Amino acid sequence: MPVKKRSDHEVEPFKQKLEEYRRKLTLKTDVGFRVAGRLCSGPELEQLMNLLADVITGRKTGPFHDVQTQKDLITVTGAKSVEPDLFGNDEEDGIWCAEVQNESIEAGRIEVERAHLVLNGLPGGKPYSCLKKSHMIWMTDAIHIPGTGRPLFPDGQPVVRLETVDSATGRRFPDRTEVILFNLRYKGNSKRGNLAHDFRETDPKKMKNPLLRELMQRVKYTEKGEMEMCELTRQIFQDGKTEGLQEGEIRSSRKTAEQLLQMGIGSLQQIAKATRLSLSEVQKLQAKLNT
Numbered sequence: 001m002p003v004k005k006r007s008d009h010e011v012e013p014f015k016q017k018l019e020e021y022r023r024k025l026t027l028k029t030d031v032g033f034r035v036a037g038r039l040c041s042g043p044e045l046e047q048l049m050n051l052l053a054d055v056i057t058g059r060k061t062g063p064f065h066d067v068q069t070q071k072d073l074i075t076v077t078g079a080k081s082v083e084p085d086l087f088g089n090d091e092e093d094g095i096w097c098a099e100v101q102n103e104s105i106e107a108g109r110i111e112v113e114r115a116h117l118v119l120n121g122l123p124g125g126k127p128y129s130c131l132k133k134s135h136m137i138w139m140t141d142a143i144h145i146p147g148t149g150r151p152l153f154p155d156g157q158p159v160v161r162l163e164t165v166d167s168a169t170g171r172r173f174p175d176r177t178e179v180i181l182f183n184l185r186y187k188g189n190s191k192r193g194n195l196a197h198d199f200r201e202t203d204p205k206k207m208k209n210p211l212l213r214e215l216m217q218r219v220k221y222t223e224k225g226e227m228e229m230c231e232l233t234r235q236i237f238q239d240g241k242t243e244g245l246q247e248g249e250i251r252s253s254r255k256t257a258e259q260l261l262q263m264g265i266g267s268l269q270q271i272a273k274a275t276r277l278s279l280s281e282v283q284k285l286q287a288k289l290n291t
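Residue numbers (this note's numbering): 1 to 291.
These are calculated hints, taken from the structure and not from any lab test.
Quick caveat: nothing in here was measured; it's all calculated off a predicted structure.
Hints are all accurate, no fakes.
Think about it this way: if two alpha-carbon atoms lie no more than 16 Å apart in a straight line, the pair counts; the simulated EDC-like pairs of lysine to aspartate or glutamate are:
no., residue 1, residue 2
1, K71, D30
2, K220, D30
3, K191, D54
4, K220, E231
5, K220, E19
6, K288, E258
7, K132, D175
8, K15, E226
9, K133, E113
10, K220, D203
11, K71, E113
Just the calculated beta-carbon pair ranges, DEER-fashion:
no., residue 1, residue 2, range
12, G170, E44, 37 to 45 Å
13, T202, R234, 17 to 25 Å
14, S167, K133, 21 to 29 Å
15, K60, L289, 52 to 60 Å
16, K288, D175, 31 to 39 Å
17, S267, P154, 49 to 57 Å
18, P127, D175, 16 to 24 Å
19, K187, K71, 25 to 33 Å
20, E19, S41, 25 to 33 Å
21, E231, L211, 22 to 30 Å
22, A168, G125, 35 to 43 Å
23, S267, K17, 50 to 58 Å
Beta carbons: idealized from backbone N, C-alpha and C, even for Gly.
Turn these sequences into a full structure, and let the hints steer you where they fit.
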């Protein structure tokens with residue numbers, strides 16, 4: 001099918017909208033941070049990971065190697081794909097990933113990504129004791145703990161570390177996966193404050209870190225930056241469209257199952273087979289109708 005070209009009177013408004021979108025773009029958005037990563041050379045990706053890890057953890061990390069963008073992690077069968085914005089290894093072969101989560105964090109997402117990270121850290125055929133150490137950094141301006149109304153960063157603190165703690169005694173258990181959430185709203189006068197500032201800043205000239213400044217200049221002022229931004233935006237739209245269609249099919253199947261249950265047509269097993277839902281899900285729908 002031939003591609004329909006935009007008329008001259010359509011092109012100019014489109015260019016204006018594109019430039020306005022590009023002007024407002026920041027590193028704290030999915031598109032801004034991912035495009036910046038795509039425009040990095042291999043050594044620059046390593047520098048970027050080192051910068052984020054050092055500042056956010058508050059300790060010396062790295063050096064890093066084999067840093068990639070949007071690496072598709074090993075998943076369990078049927079699980080949703082997980083692709084961290086940055087993924088690499090330190091000199092001790094520990095696994096590191098860094099990701100931007102703007103505005104909110106979907107309930108359950110931290111646990112799922114952590115599980116995927118663990119799967120990638122266990123060499124095939126090796127005992128559990130060979131599990132590699134892993135580090136997960138999430139940069140977010142979310143306000144609340146996922147699934148609750150409680151504050152994610154009490155008193156506006158810059159970092160929250162998720163640990164395994166015995167609620168009865170307060171004892172901390174050793175954990176091979178370090179999970180750190182970084183507050184992109186933080187405005188303290190420190191390295192962390194400067195990093196958060198640069199992720200919020202729309203004007204590269206006002207950014208304090210030279211590497212981040214250079215990357216955002218590429219995103220905003222180069223032809224390649226424009227091309228990557230348009231391509232990534234298209235991919236995000238298409239992924240969301242596909243996911244929406246899948247969710248629509250599931251909702252339709254549930255509605256059909258509910259109707260069959262209300263009418264008393266077929267056994268639970270037959271309804272599950274007809275609607276392609278799991279038996280347990282049909283049983284839950286039956287229990288809901290019975291309440």
